[in-house]
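Engineer: Letter by letter, the chains look like this.
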Amino acid sequence: MRMEQTGKVKKDFIVCKDVMEEFPKADEGMFRVAENLNFTVKENEFLVLFGPGQCGKTSILNMIAGFDLPTSGSITVDGQEVKGPGAERGMVFQTTCLFPWLTVMGNVEYGPKVRGVGKKERRKKAQHYIDLVGLQGFENHFPVKISGGMKQRVGIARAYCNEPVVMLMDEPFGHLDAQTRYLMQEDLMKIWEREKRTVIFVTNNIEEALYLADRILVLTNCPTKVKAEYKIDLPRPRDYTDPDFLKLRKEISEVVDHTL
Amino acid sequence: MQTKTPAQERRDKIVFGTLAVFLFLVIWYLVTKLTAFGEIFPDPVTVLANIGDKFVNPLGKVTLAGHILVSIRRVMAAFVVAAAGGIVLGVTMGWYPVVEAIFKPIIEFLRPIPPIAWIPISILWYGFSEMSKYFLIFLASFFVITISVYSGVKSVDPMLIRAARMLGAKDNQLFTTIIIPSVVPYIFSGLQVALGNSWASIVAAEMVQSNMGVGWIIITGQQSSNMVQIVTGIVCIAVVGMLLVMIMRGLENKLCAWNKQGR
Numbered sequence: 000m001r002m003e004q005t006g007k008v009k010k011d012f013i014v015c016k017d018v019m020e021e022f023p024k025a026d027e028g029m030f031r032v033a034e035n036l037n038f039t040v041k042e043n044e045f046l047v048l049f050g051p052g053q054c055g056k057t058s059i060l061n062m063i064a065g066f067d068l069p070t071s072g073s074i075t076v077d078g079q080e081v082k083g084p085g086a087e088r089g090m091v092f093q094t095t096c097l098f099p100w101l102t103v104m105g106n107v108e109y110g111p112k113v114r115g116v117g118k119k120e121r122r123k124k125a126q127h128y129i130d131l132v133g134l135q136g137f138e139n140h141f142p143v144k145i146s147g148g149m150k151q152r153v154g155i156a157r158a159y160c161n162e163p164v165v166m167l168m169d170e171p172f173g174h175l176d177a178q179t180r181y182l183m184q185e186d187l188m189k190i191w192e193r194e195k196r197t198v199i200f201v202t203n204n205i206e207e208a209l210y211l212a213d214r215i216l217v218l219t220n221c222p223t224k225v226k227a228e229y230k231i232d233l234p235r236p237r238d239y240t241d242p243d244f245l246k247l248r249k250e251i252s253e254v255v256d257h258t259l
Numbered sequence: 000m001q002t003k004t005p006a007q008e009r010r011d012k013i014v015f016g017t018l019a020v021f022l023f024l025v026i027w028y029l030v031t032k033l034t035a036f037g038e039i040f041p042d043p044v045t046v047l048a049n050i051g052d053k054f055v056n057p058l059g060k061v062t063l064a065g066h067i068l069v070s071i072r073r074v075m076a077a078f079v080v081a082a083a084g085g086i087v088l089g090v091t092m093g094w095y096p097v098v099e100a101i102f103k104p105i106i107e108f109l110r111p112i113p114p115i116a117w118i119p120i121s122i123l124w125y126g127f128s129e130m131s132k133y134f135l136i137f138l139a140s141f142f143v144i145t146i147s148v149y150s151g152v153k154s155v156d157p158m159l160i161r162a163a164r165m166l167g168a169k170d171n172q173l174f175t176t177i178i179i180p181s182v183v184p185y186i187f188s189g190l191q192v193a194l195g196n197s198w199a200s201i202v203a204a205e206m207v208q209s210n211m212g213v214g215w216i217i218i219t220g221q222q223s224s225n226m227v228q229i230v231t232g233i234v235c236i237a238v239v240g241m242l243l244v245m246i247m248r249g250l251e252n253k254l255c256a257w258n259k260q261g262r
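One line per chain: the protein sequences are A and B, in this order.
With numbering that gives the first Met the number 0, the residue at position 171 of the first sequence is 170, and numbering never jumps.
With numbering that gives the first Met the number 0, the residue at position 181 of the second sequence is 180, and numbering never jumps.
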C-alpha cells in the first residue's frame, strides 16, 4: 500500500541489487547487457535513466516490467520480487502499442476491464484520465485517426487508468517532433504533480532528463551500470535556458559515454 | 489541380463507372450489329431480354432466379462449414506449435491443388447428389481460410501482447481481447478469396454434373448450341459473383473500421 507522504522518510520502493543480464548471441557466446547494476528508487520519485543509445536502458526497464528476468541479482518492487509482468507496474511504450481495434476510451479502460472493474466505474475512471491528458472529445476515435502526440497521451492515460504504483516510461517521446516533445514534457510534469507515482523514465535526451527528473542516473555503454548520479533540485516548472539548468546540462553531457 | 472532397470523389466514381458500363454495352451492341461478330455472338439487348424473360418463364425445371438460388445455396452451405472449420483450425495452428507442426505440412500440400481437380473424385464418391458440390466448395474455401487465419495469428504484434500483459490480461483474456481482434482482418481477406474460389468452383462443378444451377445453364446452352443462353449464364455468374464480393467488403468495412487508414 502507498505510504502517507507527510512526516515520514520515503522508503526505497524499487531495489535493483547486483543485477546482471546476459543474452545468448546469434553466433556463439553470451552478450552481457548489464552488470553490477545497483540502484534504488524512492516512492513517488521521478527517476530518469539517461545514457547513450543502445546502452541497455530499455533492457533495465524490461526487467523491472518483468518481460525479462535478470540472469543474476534481484529486482524488488514494494518488497516483492519481480517474476513477470503485472498490473501494479504500468508501462508507456516508445511505439505507443495502442490496441488499434479499440477506441481511445476502449484503450484507456482496457486495464480495469481485464481486471474485472464494472463498466460504470471503469468508464468514469477512464474519462477522468482522458480529461487529465487533454483528450476530451476524442473518446470515440480510433488510434489510426489521431496524431503521434495524441497517441502517446492515450498511452499515458491507459497506464495511469490501471492505477499502477510504478510507471515505466520507455522513451515515450522519442518519436515525436521537437515542439510536440516539449509540450508533452510540460504536460507530463503537470499530470505527475497532480497524481504522483513512482516513475522510471528512460531517455537519451539530456534536456528531457533535466526537465523531468528528481534524480538522474547516468548509465554506461553495454554492459551497462550506473556511472554517475545527479539529484536535480531545480524548482519546477523548469526553464530550459536557466543558467543552473545549462550548467548541469554541460556537466552531465561531459560524463556520458559517446557512441556512434 | 484542385483537391476534391471525399463526397465529390465518390460521386465521380459512380458517374464515370456508370458511363463506362453504358459505353461498353453500346460498343458491344454496335459490334454485333455492324460486323460479322454478330453472327457468332448475341447482342446485349437480346441477352438482357432473355434474362428478363427467364426470370418469368422457367429454363429447364426452374426460372433463372431459381437456378441462381440453387447455386448460391450450394456455395453457402459448404462455405459456412469451411469458414467455421478454417477459422478454428487456423487459430489453433497459429496458437499451439504442436497443432502447427501436425497440420501445416498437410495443408501446404493440399492447398495448391485447384478445386476442379477434385471434380472426378467428387462425382465418383457422391454422384449427382448435393454432397458432391458441398465437397468441392469445402475444398475450394477451407484451405484458403485456414492459411489466412493462421498467418494472421502468426503476425499478431508481440508488443501488443506485452502491453496487454502489463495491463493485467490473463492468457484467456489475451486470446479474446488481443489475438482474435488482430486476426479479424485476416479472416475477412481469407473469406473474400475463398468465396471467389467457391463461386468459380460451383460453376465448374455444375457444368460437369448437375440438373440445375448457373453452371447447368451454360452447359445446356452449349449442348443445344444456344449462344443466348450461354451468355445469359455468364452474365448471371458475373453479377452474382460481384454482389457476393461486395457484401463481404461491406461487412469487412463495418467490422474493421479501425483498420482503415485515413478517412
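Read the hints as simulated data drawn from the structure, not as lab findings.
Be aware that a few hints might be false.
Negatives, chain B to chain A, calculated, CB over 12 Å [to be verified]:
(1) Ile39
(2) Leu123
(3) Leu159
(4) Arg161
(5) Leu173
(6) Thr175
(7) Val183
(8) Cys255
(9) Trp257
Here are the simulated lysine to any residue pairs, SDA-like style, with alpha carbons at most 25 Å apart [said to hold, decoys possible]:
(10) B:Lys169 to A:Cys221
(11) A:Lys150 to B:Ile178
(12) B:Lys169 to A:Leu134
(13) B:Lys169 to A:Ala25
These numbers come from a predicted model, not from an experiment.
The beta-carbon is built from N, C-alpha and C at its ideal position, and this holds for glycine as well.
Engineer: Next step is simple, just say for each hint if it's right about the structure.
Structural biologist: Now for the hints, and whether the structure bears them out:
no., hint, result
1, Ile39, "holds, 53 Å"
2, Leu123, "holds, 46 Å"
3, Leu159, "violated, 6 Å"
4, Arg161, "violated, 6 Å"
5, Leu173, "violated, 9 Å"
6, Thr175, "violated, 10 Å"
7, Val183, "violated, 7 Å"
8, Cys255, "violated, 8 Å"
9, Trp257, "violated, 4 Å"
10, B:Lys169 to A:Cys221, "violated, 34 Å"
11, A:Lys150 to B:Ile178, "holds, 21 Å"
12, B:Lys169 to A:Leu134, "violated, 29 Å"
13, B:Lys169 to A:Ala25, "violated, 31 Å"
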